[in-house]
Every structure is written in structure tokens, then in C-alpha cells.
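Undergrad: The residues making up each chain are set out below.
Number of protein chains: 2
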Amino acid sequence: MLNIGIDLGGTGIKAGLVDERGNILYKLSCPTLVERGHEAVIHDMAQLSLRVIAESGHDLSEVSSIGIGIPGIMDQATGVVPFCTNLAWHNVPLVKLMQQEIDKPVYVNNDATVAGLAESVAGVSAGSRSSVFVTLGTGVGGGVILDGKVFMGEHGVATEIGHMITVAGGELCTCGNRGCWERYASATAIIREGRRFCEAHPDCPLAREVGGDLSKIEARTVIDLAKAGDPDCVSLFDNYCYHLTVGIVNLINMYDPEIIALGGGVSKTGQFLLDKVNALLPEMIFFKDMPHARIELARLSNDAGIIGAAMLGAQEG
Amino acid sequence: MLNIGIDLGGTGIKAGLVDERGNILYKLSCPTLVERGHEAVIHDMAQLSLRVIAESGHDLSEVSSIGIGIPGIMDQATGVVPFCTNLAWHNVPLVKLMQQEIDKPVYVNNDATVAGLAESVAGVSAGSRSSVFVTLGTGVGGGVILDGKVFMGEHGVATEIGHMITVAGGELCTCGNRGCWERYASATAIIREGRRFCEAHPDCPLAREVGGDLSKIEARTVIDLAKAGDPDCVSLFDNYCYHLTVGIVNLINMYDPEIIALGGGVSKTGQFLLDKVNALLPEMIFFKDMPHARIELARLSNDAGIIGAAMLGAQEG
Numbered sequence: 001m002l003n004i005g006i007d008l009g010g011t012g013i014k015a016g017l018v019d020e021r022g023n024i025l026y027k028l029s030c031p032t033l034v035e036r037g038h039e040a041v042i043h044d045m046a047q048l049s050l051r052v053i054a055e056s057g058h059d060l061s062e063v064s065s066i067g068i069g070i071p072g073i074m075d076q077a078t079g080v081v082p083f084c085t086n087l088a089w090h091n092v093p094l095v096k097l098m099q100q101e102i103d104k105p106v107y108v109n110n111d112a113t114v115a116g117l118a119e120s121v122a123g124v125s126a127g128s129r130s131s132v133f134v135t136l137g138t139g140v141g142g143g144v145i146l147d148g149k150v151f152m153g154e155h156g157v158a159t160e161i162g163h164m165i166t167v168a169g170g171e172l173c174t175c176g177n178r179g180c181w182e183r184y185a186s187a188t189a190i191i192r193e194g195r196r197f198c199e200a201h202p203d204c205p206l207a208r209e210v211g212g213d214l215s216k217i218e219a220r221t222v223i224d225l226a227k228a229g230d231p232d233c234v235s236l237f238d239n240y241c242y243h244l245t246v247g248i249v250n251l252i253n254m255y256d257p258e259i260i261a262l263g264g265g266v267s268k269t270g271q272f273l274l275d276k277v278n279a280l281l282p283e284m285i286f287f288k289d290m291p292h293a294r295i296e297l298a299r300l301s302n303d304a305g306i307i308g309a310a311m312l313g314a315q316e317g
Numbered sequence: 001m002l003n004i005g006i007d008l009g010g011t012g013i014k015a016g017l018v019d020e021r022g023n024i025l026y027k028l029s030c031p032t033l034v035e036r037g038h039e040a041v042i043h044d045m046a047q048l049s050l051r052v053i054a055e056s057g058h059d060l061s062e063v064s065s066i067g068i069g070i071p072g073i074m075d076q077a078t079g080v081v082p083f084c085t086n087l088a089w090h091n092v093p094l095v096k097l098m099q100q101e102i103d104k105p106v107y108v109n110n111d112a113t114v115a116g117l118a119e120s121v122a123g124v125s126a127g128s129r130s131s132v133f134v135t136l137g138t139g140v141g142g143g144v145i146l147d148g149k150v151f152m153g154e155h156g157v158a159t160e161i162g163h164m165i166t167v168a169g170g171e172l173c174t175c176g177n178r179g180c181w182e183r184y185a186s187a188t189a190i191i192r193e194g195r196r197f198c199e200a201h202p203d204c205p206l207a208r209e210v211g212g213d214l215s216k217i218e219a220r221t222v223i224d225l226a227k228a229g230d231p232d233c234v235s236l237f238d239n240y241c242y243h244l245t246v247g248i249v250n251l252i253n254m255y256d257p258e259i260i261a262l263g264g265g266v267s268k269t270g271q272f273l274l275d276k277v278n279a280l281l282p283e284m285i286f287f288k289d290m291p292h293a294r295i296e297l298a299r300l301s302n303d304a305g306i307i308g309a310a311m312l313g314a315q316e317g
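Protein chains in written order, with our numbering: chain A, 1 to 317; chain B, 1 to 317.
It cannot be assumed that every hint is accurate.
[Unchecked claim] Here are the computed lysine to aspartate or glutamate pairs in the EDC-like style, where the Cα-Cα straight-line distance is at most 16 Å:
| hint | chain 1 | residue 1 | chain 2 | residue 2 |
| --- | --- | --- | --- | --- |
| 1 | A | LYS216 | A | GLU199 |
| 2 | A | LYS288 | B | ASP147 |
| 3 | A | LYS276 | A | GLU296 |
| 4 | A | LYS149 | B | ASP238 |
Hints in this document: simulated from the structure, not taken from any laboratory.
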């Protein structure tokens with residue numbers, strides 16, 4: 001059977017027709033244009049899905065379900081999205097409105113959760129029973145697969161791993177707490193620490209790299225200089241990797257998965273990142289003589305949203 | 001059917017005959033005498049179990065299984081206890097040796113996990129599908145029940161919640177890391193902070209309470225003075241409750257259970273503790289408008305080890 005997977009973001013909508021192994025048979029995208037309101041966005045998602053089916057030469061009757069990954073959470077009991085900042089949505093009955101457009105089962109979940117499901121079906125975690133997917137981007141998101149299924153918790157608020165507190169009393173987070181992992185393990189953290197360092201050391205290579213304009217410092221600027229051996233940036237990046245590993249240790253202590261897959265912008269650092277984490281991990285694991293999760297780089301990149309969303313229905317069926 | 005539950009500690013062995021609802025029909029105890037070596041201890045566990053069955057007027061044929069809670073972990077694949085500090089055990093084939101004594105299925109798990117299972121069957125979490133039990137004692141241990149079953153993780157090293165890092169770079173832990181939750185949420189933490197405060201303020205009411213002998217400060221000393229309104233101890237205990245709540249927030253963000261049950265020595269503080277945690281929690285929860293876990297005091301106290309151990313077999317069957 002085939003499923004439609006939709007990756008709904010603040011800027012773009014991507015829809016794809018996906019087979020049961022997680023292969024995308026055909027995909028299309030269009031801008032989200034959030035400001036038009038949720039009804040127009042949902043209508044476009046439906047139209048895009050129908051075009052994908054038609055242009056791929058398939059028929060709606062072959063499609064089992066429609067899955068949607070959203071940059072927020074949905075109340076699974078009601079099918080309503082209580083709030084979604086990036087979409088400016090508030091109490092949107094997404095499942096009902098989507099089913100009025102296309103009469104199929106509709107499944108919705110958080111975009112990081114959906115990407116984690118995709119990795120577990122068709123990516124780096126394929127074949128594993130349990131895995132944690134971690135997105136290292138502007139923030140830190142997570143998707144947890146236990147016993148081959150998306151782990152949601154009792155109230156659907158589990159796996160907010162970016163907001164586990166790893167530095168109590170530390171940096172103020174957007175959520176109101178201090179010291180969330182996200183404040184230390186996101187690309188944003190690398191940028192913040194790079195800028196702070198340059199403010200204290202205006203003549204350092206990092207500051208010179210951006211011509212003294214600290215607003216131009218990106219995570220990549222720091223990482224590239226670290227790779228090139230600049231001692232300041234090595235130190236900044238090592239500190240980042242320490243805090244990243246702290247959270248990974250917590251994930252192991254809590255979920256003990258087979259695989260922890262790192263995705264998102266910072267994961268593009270590749271082996272340089274993985275080597276540092278794997279060097280720190282053995283000393284920080286609680287049971288030092290027992291096997292533990294492998295740390296891997298996520299593989300599916302931009303298609304993870306479509307594949308994982310399609311799999312939401314597949315795993316229900 | 002009936003099951004035998006054994007609570008194996010560093011000082012004492014307790015064994016009980018338990019019905020399927022978690023009622024103890026009969027129980028006995030004896031000293032562990034660790035220094036005799038594991039074979040004598042296992043023999044005593046078996047003899048104690050047989051005495052429990054005989055003295056209760058039941059027959060071995062009525063017993064489905066034997067469950068054992070140990071102060072460590074067992075490799076579930078091999079039935080071997082790799083190490084157990086409190087028992088001075090190293091690579092002990094517990095399941096095999098116990099079955100040589102009594103030919104029944106033998107199930108073994110960590111004592112905090114076992115206590116969590118007991119609470120979920122016959123204690124404060126009874127009737128819930130998911131719960132996290134937290135022991136606040138010398139250290140911090142945990143037992144996680146998901147979908148009505150003990151959650152073990154892929155390698156049996158999950159739910160080491162006391163060693164999640166909540167203060168990266170903080171207090172040195174016995175495990176070698178810095179800033180484990182256990183360093184901030186255990187009775188040991190209250191004692192440490194009380195002593196430190198007295199060292200800096202030798203004339204404070206807490207120091208006077210113990211006649212200047214700081215080695216006499218117990219967690220209870222600080223808590224009792226806090227309850228009596230001493231501002232220093234209120235401040236010490238508030239700080240403790242903040243760190244306790246940090247970990248609870250992390251448990252909610254990770255497991256999102258129905259109930260988080262607090263057990264162990266510090267939980268005997270009762271409503272005074274619960275009120276402080278519940279006052280902090282709403283502001284620290286990520287999804288502030290969504291329902292989340294209730295925080296409760298554990299109920300089974302000393303019998304939790306026997307009941308939970310007996311339930312290990314019951315939940316397998």
C-alpha cells in the first residue's frame with residue numbers, strides 16, 4: 001500500500017507518495033504562505049497531495065493514509081493542534097479539516113518525531129527496534145522510537161528532549177527555564193559562544209574571519225575554523241561537544257536505545273563531530289562495561305519529513 | 001497463582017509469598033552476611049523462600065516463579081549479575097544458581113525498578129499504564145513502567161535516572177561524572193549542603209541544633225528545621241526542591257508518564273515536599289497548557305521490594 005507524507009514547515013509544504021519501504025515515488029512542494037490562515041494552507045496541502053498522486057500515475061484508491069509532520073504538537077485524542085508558533089496556528093482541527101478535503105485516515109505528529117520515524121524505517125536506524133533521533137538546528141528536537149513505534153508518552157508531551165535541563169540555573173531558554181539542553185547543543189549555542197568569545201577577544205581569528213562583524217558568525221564559521229585547527233574555535237567546539245554528549249548520556253540513561261542518530265544542520269559537520277562525541281562518551285556512560293547505544297549521523301536529510309509522515313499511517317496499519 | 005518475591009539488600013534478605021494482586025500472604029527475613037560469598041547468600045535466599053511457603057501453609061507447586069530485586073543490575077540475556085557493589089558480587093550467575101536450589105522460573109531486576117513495579121501494581125500508581133518511581137535516599141534510583149511493563153531499554157541500562165546530568169560541570173559524582181541528579185536530589189545532597197552552610201555560618205540554628213558537630217547533620221535535621229520555619233533551612237530545602245523538580249521536569253519531558261511517585265527516605269517529608277515541588281512544576285513544564293504527570297508520594301515503603309520482585313514473574317506470565 002502507498003501513503004502520502006506531508007512535511008509542513010513555516011516556509012514550505014512538501015508532499016510525497018511513499019511506498020511501504022519508505023521510498024518516495026514522487027514529490028512536489030509549494031510555499032506555505034502562513035499569513036493566509038490555516039484553511040488555505042490545509043487546502044493547499046490537500047491539492048498538492050492530489051497532484052502528487054495524479055502526476056505519479058497512481059490513483060487515490062491506492063493510498064491508505066495521509067501523514068503530516070508539523071513544527072509543533074497535536075492533541076492525538078482530539079486531532080486539534082493547540083498551538084504552533086511557526087504557523088501562527090491556534091486550536092486548528094487539522095485532522096477534521098484535512099479529511100474534509102481528502103477522505104482518508106489522517107495522522108499528525110511533530111516534525112522531529114516524524115524524521116526519527118523515517119530514519120528508523122529507511123535511514124540510519126533501519127532494522128533497529130529502538131532509536132532516538134536528535135535534530136541539532138536552531139533548536140534541538142527529538143524523535144523517540146521504542147519497540148518499533150513512535151513513543152508519545154501518556155499526554156503526548158514526551159520526547160521534548162531539547163528542553164531537558166542539563167545546566168540547572170544556566171542560560172535562559174525560550175521556554176522560560178534556565179539551562180535547557182537546547183541552549184547548549186543547538187547551532188544557536190555555537191553562534192552565541194562564538195560571538196561572546198569575540199567580544200572578549202576582538203582580534204581572534206574568528207573575529208577576523210567575519211571582518212569584525214559578529215552578526216556574521218554562523219555555526220559553520222566556528223566549526224570550519226575548528227576543523228582548520230584554530231585553538232580558540234577548537235576549544236569552543238570541544239565545549240559544544242561536551243554539552244552535546246551530556247545530553248546524549250542522559251538519553252542513554254533514560255531510553256537506552258540501540259541507536260542515537262544526529263541530524264539537523266550541526267550534524268553536517270560529520271565525522272569531526274562524531275569522533276569528538278565518541279571520544280567523550282565511554283568515560284561518561286554509567287555502566288562502563290556494558291554495551292550501549294551507537295551514535296550515528298542521520299542519513300535522510302531533507303526527505304525525512306515526507307518519508308516519516310507517510311510512515312505514521314503505515315505503522316498504525 | 002502465587003509468586004515468591006525476594007528483596008536482596010546489603011544487610012538483609014526479605015522473602016514473601018505474594019498473590020497476583022500484590023498482597024503479601026506471608027514473609028520472613030534474615031541477615032545477608034555478604035562476606036560469606038554469593039553461594040551462601042543464594043542458598044539462604046532459597047531456604048528462606050521454602051520456609052515462607054511451608055510456614056504459610058502453601059505448597060511449592062502453587063508458586064509460579066521467584067523474583068529477586070538486587071541493588072544493581074543483571075544482564076537479562078545471560079542471567080548473570082556483572083557487578084553489584086553492595087553485595088561484593090562480580091559475574092555471579094544468579095539465575096542459574098537460584099534455579100539449582102529451586103526449580104522455578106527466576107526473574108531478577110534492579111531494586112528501584114522492582115519497587116516501581118510494586119507501586120504500579122499495588123501502590124500509588126496502581127491502575128496507571130505508565131509511571132516513574134523515584135527513590136530519594138543515599139542516592140537516587142528509578143523504576144520506569146511504560147504500557148504496564150518494566151521498561152528496560154535495549155541493553156538493560158535504561159532508567160539510571162539518578163545519573164542523568166542536570167548540572168553539567170557541577171558536583172563530582174561517584175560515577176565519575178559531574179552534576180548527576182543524584183548529587184542534588186538525594187538525602188546526601190541535603191546533608192552536604194547543610195554542612196557547607198554551617199561551615200560558613202557556625203552560629204546558625206542548624207549548627208546549634210547539632211551542638212556544632214556537623215557530622216551529626218542528617219537530611220531530617222535540615223528538613224525539620226525548615227518545617228519549623230528556620231530561614232536558612234527553608235532556603236536549603238527550597239534549593240533542594242528546585243533541583244528535585246529539575247529532574248522531575250526532565251522525566252516528564254522524556255517519559256511523559258501518568259504518575260511520578262516519590263519514595264525513599266526524603267519522601268517521608270510528605271506533603272511539605274510535595275507542595276514545594278507542585279508549586280515549582282507549572283512554571284517549569286514545557287507545554288504549560290497540556291496535562292502532565294501527577295506527582296505523588298510512594299505508598300508501599302518497606303514491602304515494595306518483596307511485592308515488586310514477585311510481580312516480575314507475574315508480568316512475564
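Undergrad: Which of the stated hints cannot be reconciled with the structure, identified by number in ascending sequence?
TA: Hints 2, 4 not satisfied by this model.
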